[in-house]
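Full structure from sequences and hints, please.
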Amino acid sequence: MKNQNVSLSPEENKKFTRIFWIMALLPFVFVTALFLLQPESSLPPVEMLDNPPEVQASLIIAKKNEKEDTVIGRFWLVNRTSVKYRQISPYVFDALIATEDERFMSHSGIDFRGLARSIFSLGSKGGASTIPQQLAKLLFTLQQREEADIARAKGETLAAKVGGFFGKFRRINEKVRENIIAKRLEERYTKEEIITMYLNQFDFLYNAVGIENAARVYFNKSPKDLTKEEAAMLVGMCKNPALYNPYTYKIKNYRRYIADDLGISSKAVTKAQIDEYKGKDSMRTLDRRNQVLFQWMRNSEDENDALKNKLTKEEFDRLKVKEVAVDFKSLDHKEGMAPYFR
392 MKNQNVSLSP EENKKFTRIF WIMALLPFVF VTALFLLQPE SSLPPVEMLD NPPEVQASLI
452 IAKKNEKEDT VIGRFWLVNR TSVKYRQISP YVFDALIATE DERFMSHSGI DFRGLARSIF
512 SLGSKGGAST IPQQLAKLLF TLQQREEADI ARAKGETLAA KVGGFFGKFR RINEKVRENI
572 IAKRLEERYT KEEIITMYLN QFDFLYNAVG IENAARVYFN KSPKDLTKEE AAMLVGMCKN
632 PALYNPYTYK IKNYRRYIAD DLGISSKAVT KAQIDEYKGK DSMRTLDRRN QVLFQWMRNS
692 EDENDALKNK LTKEEFDRLK VKEVAVDFKS LDHKEGMAPY FR
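Numbering follows this note's numbering, in which position 268 of the sequence shown is assigned residue number 659; successive positions increment by one, without gaps.
If you are wondering where the hints come from, they were derived from the structure by calculation, not from laboratory data.
Small disclaimer: the values here were computed from a predicted structure and weren't measured.
Straight-line C-alpha distance at most 27 Å; calculated DSS-like pairs for lysine-lysine:
hint, residue 1, residue 2
1, 711, 671
2, 619, 701
3, 612, 720
4, 713, 669
Simulated restraints on C-beta separations:
hint, residue 1, residue 2, range
5, 696, 401, 51 to 57 Å
6, 714, 574, 40 to 46 Å
7, 499, 693, 18 to 24 Å
8, 721, 481, 25 to 31 Å
Glycine included, C-beta positions come from ideal geometry on N, C-alpha and C.
Okay, structure coming up:
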């Protein structure tokens, strides 16, 4: 039997063409509607970054001599200390831009290719967020914490997070709101101010909120003195500070963790199993740091003008074999000098 070609009538062609364009444009119409119909009350004011509800740590300062003061103590609810752009090593900015936002200096806050990918995947593939978008996300976190504190003070029950399809819809809506705030941040602040605010707001864990405290906690030094590999390690933590933390694996209770993970008794956990799990965790931090260094090298080879310091192939090969050297210094406002101020 011969194959017969089925031809569509002009009316059917028009119908299928119309359906195709409706399906193709529907996501964009949907997102545009979310942008236009977003209530102002759902958006945190960008001024919250100037005066965040979580105040900075308070410093107890004593006169060392006629020309110099010294910090003898500090206390906090959240240990966050803001520093200025010039007080941070330029290596931190280079590593952050190369890894998180290659076009940071040229875009206006939104990566439209990343946004489109997020829409079509319903958020399952992420969105390649820009630094302003990530700062906007931190701003929403501040707002949510403030609202949660108010709700707890009133004795109200906090709403549980929704999963499934509605959870994905909620994430898309959050992405839209982050884009709106990112645009407002770009209109209000300079690039230097935006990237500095992001580093000042990020929580690196272990009482290290902001790059100043992160440098002190993990390397016992000023953020201005961070080396390239140290900057790369801290920037690597920005993806997930718990997963890529260089200190957690040193204090983690692996016997209990492995017992829960494998569903066995803690007494049945062997030293070999502990060494295996601990080794994987320690290598995770090293691998992430080297990913940041690689991105830095690649952007340097591509002549990314946003980078002030290039990373050569020779430097990358030398730095990637270095161990993650952490000089961890725990911060506790209940210890140290001047406890009577706390």
